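Whole structure, please, built from the sequences with the hints as guidance.
Chains as they are written, first to last, in my numbering: chain A, 1 to 396; chain B, 397 to 686; chain C, 687 to 1053; chain D, 1054 to 1420; chain E, 1421 to 1717.
By construction, these hints were calculated from the structure, which means they are not laboratory data. Keep in mind the model is a prediction, meaning the values are calculated, not measured. Just so you know, not all the hints are guaranteed correct.
[To be verified] The calculated lysine-lysine pairs, modelled on PhoX-like cross-linking and capped at a C-alpha distance of 25 Å, are:
| id | chain 1 | residue 1 | chain 2 | residue 2 |
| --- | --- | --- | --- | --- |
| 1 | D | K1223 | C | K856 |
| 2 | D | K1329 | D | K1407 |
| 3 | D | K1223 | C | K1040 |
| 4 | C | K866 | D | K1381 |
| 5 | E | K1541 | D | K1074 |
| 6 | D | K1209 | E | K1613 |
| 7 | C | K897 | D | K1223 |
| 8 | C | K934 | C | K962 |
Chain residues, written in single-letter form:
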Amino acid sequence: DGHASPEAEVLHYWTSGGEAKSVAVLQEEFAANGGTWTDMPVAGGGGDAAGTALRARVLAGNAPTAAQIKGPAIQEWYEEGVLADISAVAEANNWSKILPEAIAGHMQCEGTWCAAPVNVHRVDWIWANAEVLSANGIDMPTTWDEFNAAATKLQAAGVIPLAHGGQAWQDATVFEAVALGILGSDGFRKAFVELDMDTLKSDDMVAVFDQMRTMRGYVDENFSGRDWNLATAMVMNGEAAFQIMGDWAKGEFMAAGKVPGEDFLCLSTPGEGFLYNVDSFAMFAVDGDDKQAGQALLAELVVGESFQEVFNLNKGSIPVRTDVALDNFDSCAVLSADDMAASNEGGSLLPSYAHGMALRGAQAGAITDTVTAHFNSDMSSADAVQMLADAIANSM
Amino acid sequence: MTKWLEEHMPKLVLAPSFIVVLIFVYGFIAWTAWVSLTRSRLLPRYEIDGFIQYDRLFASPRWDTAFTNLFVFGFLFIVIAMILGLILAILLDQNIRTEGAIRTIYLYPMALSMIVTGTAWKWILNPGLGLEATVRGWGFEDFTFNWLVDPDMAIYTVVIAAIWQSSGFVMALFLAGLRSVDQEIIKAAQVDGIPTWRVYTAIIIPAMAPIFLSAFIVLSHLAIKSFDLVIALTGGGPGYATDLPATYMYTMAFSRGDIGQAASSAMIMMMVVFTIVVPYLYSELRTKDD
Amino acid sequence: MAPILEINNLFKSYGSVEILKDINVAIEQGDFLVLVGPSGCGKSTLLNCIAGLEPITGGQLSIGGKDMTHVSPKDRDIAMVFQSYALYPTMTVAKNITFGMKVRGVDQATQDEKLAHVATQLQIEPLLNRKPGQLSGGQRQRQRVAMGRALVRDPKLFLFDEPLSNLDAKLRVEMRTEIKALHQRLGASMVYVTHDQIEAMTLATKIVVMKGGVIQQIGTPSEIYNHPANLFVADFMGSPAMNLIPAKTKANGKGVEIEIASKSGDPITLIDTKNKDLPEDVILGVRPEDIADASLRGGEGRQEADCLIDIVEPAGADTFAVMQLGGKHVTARLHAETGAVAGQNLNLVFDLGKVSYFAPETGERLN
Amino acid sequence: MAPILEINNLFKSYGSVEILKDINVAIEQGDFLVLVGPSGCGKSTLLNCIAGLEPITGGQLSIGGKDMTHVSPKDRDIAMVFQSYALYPTMTVAKNITFGMKVRGVDQATQDEKLAHVATQLQIEPLLNRKPGQLSGGQRQRQRVAMGRALVRDPKLFLFDEPLSNLDAKLRVEMRTEIKALHQRLGASMVYVTHDQIEAMTLATKIVVMKGGVIQQIGTPSEIYNHPANLFVADFMGSPAMNLIPAKTKANGKGVEIEIASKSGDPITLIDTKNKDLPEDVILGVRPEDIADASLRGGEGRQEADCLIDIVEPAGADTFAVMQLGGKHVTARLHAETGAVAGQNLNLVFDLGKVSYFAPETGERLN
Amino acid sequence: MTDLSYTSPRSGSRTANILLRWALYIMLGLFALFYLMPLFVMVITSFKSLDEIRTGDLISLPREVTFDAWRTAWSGACTGIQCEGVRPFFWNSVLIAIPAVLISTLIGALNGYVVAQWRFKGANLFFALMLFGCFIPFQVVLLPMARMLGLMGMAGTIPGLIFVHVIYGLGFTTLFFRNYYVSIPSELTKAAKVDGAGFFRIFWSIFLPLSLPIIVVTVIWQFTQIWNDFLFGVSFSQAGTQPVTVALNNIVNSTTGVKAYNVDMAAAIIAALPTLFVYVVAGKYFVRGLTAGSVKG
Ligand SMILES: Nc1ncnc2c1ncn2[C@@H]1O[C@H](COP(=O)(O)OP(=O)(O)OP(=O)(O)O)[C@@H](O)[C@H]1O
Ligand SMILES: Nc1ncnc2c1ncn2[C@@H]1O[C@H](COP(=O)(O)OP(=O)(O)OP(=O)(O)O)[C@@H](O)[C@H]1O
Ligand SMILES: [Mg+2]
Ligand SMILES: [Mg+2]
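Below is the structure:
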């Protein structure tokens, strides 16, 4: 309403150059609409540090007006009774129409809208150095067997087949891409959304771990602890051929002046489906008209068309709404958007477990513990499957 | 009234600190104990639900690793930092001309947070970027130093960095100790014809027992609280091979939304602290009382 | 026979500060040499130089006839007892005593035998298994253990650095007697540092009085006590100190007439028949025991005078009376049952047979 | 007039350990009370109780006639000099002295005047602007400053806790005289702690000998010295200590026949004509000065005996000879020019007019 | 100094002695290299351009020295939408650290003074409780502390952060001062009491002026702890009150953005400069103060 001057203090973990520029866009629009934006960035650990700060502030009764939260964590926070209801904004802007159904589900808590989506990152990307591939006569792989064959060939040629950083979340990123390929979209949903024990213990799951073991062989020996962007740099330099990483990796290529399709190639990882990682802002129950007005304005702007375009151009992701023109986007983004639309139709638009979209923290963590333990040791696949089941049971 | 004030002033002065400590240390420990008995997730809840969190804790292979690591790490860190600190102190005690500068160099890591030096350490220890690559670059092709990426050895790199950070401080403690040994005892040993190394091993070092105790306490305090170190250096990896109770607890509480679990691990940590610190406190206060 | 210890023209500096200046001393087998002087005069430094614990800057030093100037401590055939006793804190008494032998590779049987011998001698058998921290009775037991560690070496020369200064007065007297007895029994040669002049007097066969790194006088206790070479020695040796009274002298038929200003007005005049050829201004040195109750003393060289008593200090065996003469406090040692009363005149006898005269400017002895 | 200090049935415990037991003392205006006893006997504790620095467990204490049992130190009208002097290290000498006045709000002019007065009295004017750490000459100057701090208060009662024990022997004697002079000049009342019995003897008008928190004897110096109440006091007071020789007595026509075992074989027999009714086994107490060269003494109560001399210690003014009697070391104080030689027999005179007898079991005085 | 170098003059050859001495200095030098290595890597990286880092060897010397990264880190690097480098956060840290250090030092001094010089029944128990507080892992207190801060209305404020640092610094400051004051003879207190001074007067006029060495130790220790703190800083701050470590973390630890290692390193060094400075300048007093008080034996 007109009386209040919108105010927002926004807790987020977008701090690096490209990300920060993207947030700045939002802030400018917010200011242009008469709002006052207070920035509260906390980077680190994929939002762990931000989570720490958020928890402390909520407990202190000093919650920020909005915080970057995603996936089931939104519902978890809602259950703690601290989130605000933004249904009014959502309904006024027809969110239920313009958002893909799967994504809209994440933004709703017991029938009300409680968060606003910002962007869609696709996680199941495979990136490649075009020159290295053509020098070795290899095409982008479309099945895991092709990938394995290509990798073997590259290895023989003295190129590291897969650039990888040995951090738990990167292990998990590769793992879910492999799982999606081998289990298929239904199997993936059963295993990592519904936590269906039969699927988790199935032979297919064993096969997934087998493929992980194979992939471990394609990674150079110094991968441990490596930051993902250093891995990307290896692909850029031609030291390595492939990297499996979300579309934020594109930003690194672009920053180095590489051109998609020419210098580097992008393709979804082998198999059906689309794993999304949707960033979103949850609004916290706060007192004061100014702040509530700020929340409404923020929600409206975030999902607004203009912001969606500018922001995602900067960030390397794609808009959440299906009705944004993609003329200014690069080929990878266009491919991503097309795939999203298609898989939304086919029911294979799936949440990324590795990026906290599919499961609550404890369960996702339990899976990641197993995956990373397996990947970093010589555990057998059967043992890994058993361990996975135990860990999930113990996390409930 | 003024007489009463005068008499009770010492107690009145301590009172605020006392209350603050009761609430903010012991109250919080009690709070943690309580929460460890609940099914708290994202935020604390207060319905008691028995020892379920402890059952989960002891069933978790990751906690196993973290807890074992605490002892491997703690033992190696404390022992090596003490030995190294002692050796450095003895070396520095030989009338070194540049002592001041060298002491500062050995001591400065204590001033830095691992948040600051973590990345540099990561590079140095990384076989592809750091020491191994450099030494190989000098022509020693067979030189291997890849502990950081070896799950079985990674915890030792944490030990190395921790020693780097704290051994200078231990050195300073020991140096102070060496200098407080009665010079006449050393002269007496010389007249007795005792060789230098035996003067150290048989006389000076045994006489520094109290300093060993102080160093032990400071180091165990650091070992138990080690957090930045692991986060900055290995992030707990490869896998969770370098997890420590402190990082386990933090992960559970703040990235997994599993506060009950975190509280139970915190209680176990506290018990470890207790078994180390209480005997120390006891001896400290007894000996200084008379 | 060669002197057991001979020091020639020894100099010692720390940096640019000269601590010891041209030290020359020699002692024979069986001598008990005491180095005495105020704190900081360089006694410990000299002892450390003899032990080889400090390198010397100049000069030469031999022990048992052999040049030891550059020999390391362990090869000098000496044993040393330190002021703090310097017991090895983590070793038992037995180990403290035998550790040196162990290091030198003496076989166990010999070690045990020597230990037993020393322990019996010093009566420390019951302490052998205690650590220094567990020695009760304060310093006395430690002191004995430190002695034991030295005795067991059976060295050519014993060095002691103020071994009694940590003991209280009573114990000090007792231990002094024990050390003296030990010296007589062993017939060993000893160099002993102290700043307590009574210790020096009672123990020494030869005393070296030092001040500021320079030797003031070397002599037997009686030479030092009765013929101090200068004002410093006169003042330092003896307790209560020698009275040093500014006086005027005048040649006189019988000897020298000495005039001393007195608080009550009339100067006191004494006649010394033994000395002559004194300058007009002198400092007269009289020991307290040479001023006594008139009623009790008499004889040659004795002169009476009435003096106003300021303070009377009964000290058990004696009573000290303090008066003002020549502008100085002058102490007289009177009999315990003296009739001296503060504020009253008393007729005192001055024994001029043993006085010293010093030149006021140089402080050197005149007679 | 009421006693200036009166202590009745004072008890003091730390926790369950009783440190002071049933202390009763009173002194008059102008008295100089010395508390003396071995280390740890509770002297400082008693002084602290008097000062109000330690609460007492039982009993009652009054100063200047007023009950002060529960009054805080600053209101007791006392001044105290501590063993370590306890100078405020960060304040100048002048500030150290005036700090108390400043705290009590005395105006600046009075402060300055009193400071000047005390400074002149103690001759510390040149030091006023120095800090304690800059006082050279070691402890002597500090000691004076500490005195100044006490003097400036002009209190009813001065308390001194071993103010001389940090000084070296020579200085101690000098300062002792100064304190005595001060006491005479001010006519003030003082309580003085020491473990040095000579200090006690020379300074006190009244001595309290303590042991293990219990008063052993209260008396004038001469009472304590000549009539020690028990073996402890006899041994503690006097230096060298009283010789305490186990002996057998036998009634004899003329008095008591005393038989003392001797190392050489034949026991020594002495006849005491003054005492009777002694048990068979006694401990005979003889002061060293009551055993002397036969040639120099004579008269009533004196008995001669030949003794084998073990050690001769010339100590300047006197020479001490040590022999073995009744299985103990016995010291005789001989003249400096004695002919005593270690290892030879000497004819000595025992002055039985002043001996003490003690019961061997209880240690109590018998005569 | 335990100088054993003069054990055996002229026994053994002179050359052996010189060789030994050389070996000693070489050893010390090697250790110095070990300790300097990470700092060295940081410094050289901060002088490289990003291109050189991307293509080159991370721990080789810069081919071309540039100060751009330093400028960016100080006043241009983005932490979120703000691109003002670490400068504003640096001042936040100053605003937090200075009062927190002063207050915790003062209270620690008072506490230590009471425990060491005014013993009363229970004082030791208090001290033991206090000391145990030093060992509590800080993660444990985050959540309840947040609640308390909220209740006290200090959540997210600089006074709140100061409060937290003071509380958890008290254990160590009390320990330091207590151990220092224990070695000051109690006669000093007694003399002042006889002089008529009261509790605070004695503290202020006599003990505080004496405490310089231990104040130095405490201030260095506390300053290092507080300046380097990240956990409390990130948990109890809000926009505008974040300390420099949080800003540094925001620059260094962003997950999905482009990394500028040269800026990271420059920012890290800037963040570390105050503590480094304090150690280099006052390190001597630190070691000396440790001997004076906090170490027994
Ligand atoms: N290692 C040293 N470096 C420099 N000066 C020293 C050293 N050791 C002693 N001195 C100085 O040498 C002088 C003599 O010291 P020394 O210890 O020999 O005196 P002392 O006669 O033994 O005194 P005391 O009776 O106090 O023991 C003193 O002035 C002292 O300050
Ligand atoms: N604060 C205290 N707590 C417990 N015991 C104490 C305390 N102060 C002194 N004592 C004990 O009380 C006894 C008497 O001590 P005090 O200091 O009075 O002895 P002292 O006669 O002055 O000895 P010294 O001559 O050594 O100064 C000693 O055994 C001592 O251990
Ligand atoms: Mg000396
Ligand atoms: Mg005392």
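Structure-based check of all given hints:
1. D:K1223 x C:K856: Holds: D:K1223 and C:K856 sit about 17 Å apart, inside 25 Å.
2. D:K1329 x D:K1407: This hinted pair holds, its Cα atoms lying about 14 Å apart.
3. D:K1223 x C:K1040: Holds, because 22 Å separates the two Cα atoms, which is no more than 25 Å.
4. C:K866 x D:K1381: holds, 17 Å
5. E:K1541 x D:K1074: Distance ~23 Å between E:K1541 and D:K1074 Cα, so the pair holds.
6. D:K1209 x E:K1613: holds, 17 Å
7. C:K897 x D:K1223: The given pair, whose Cα atoms are some 15 Å apart, holds under the 25 Å limit.
8. C:K934 x C:K962: holds, 13 Å
The structure meets every hint from the earlier list without exception.
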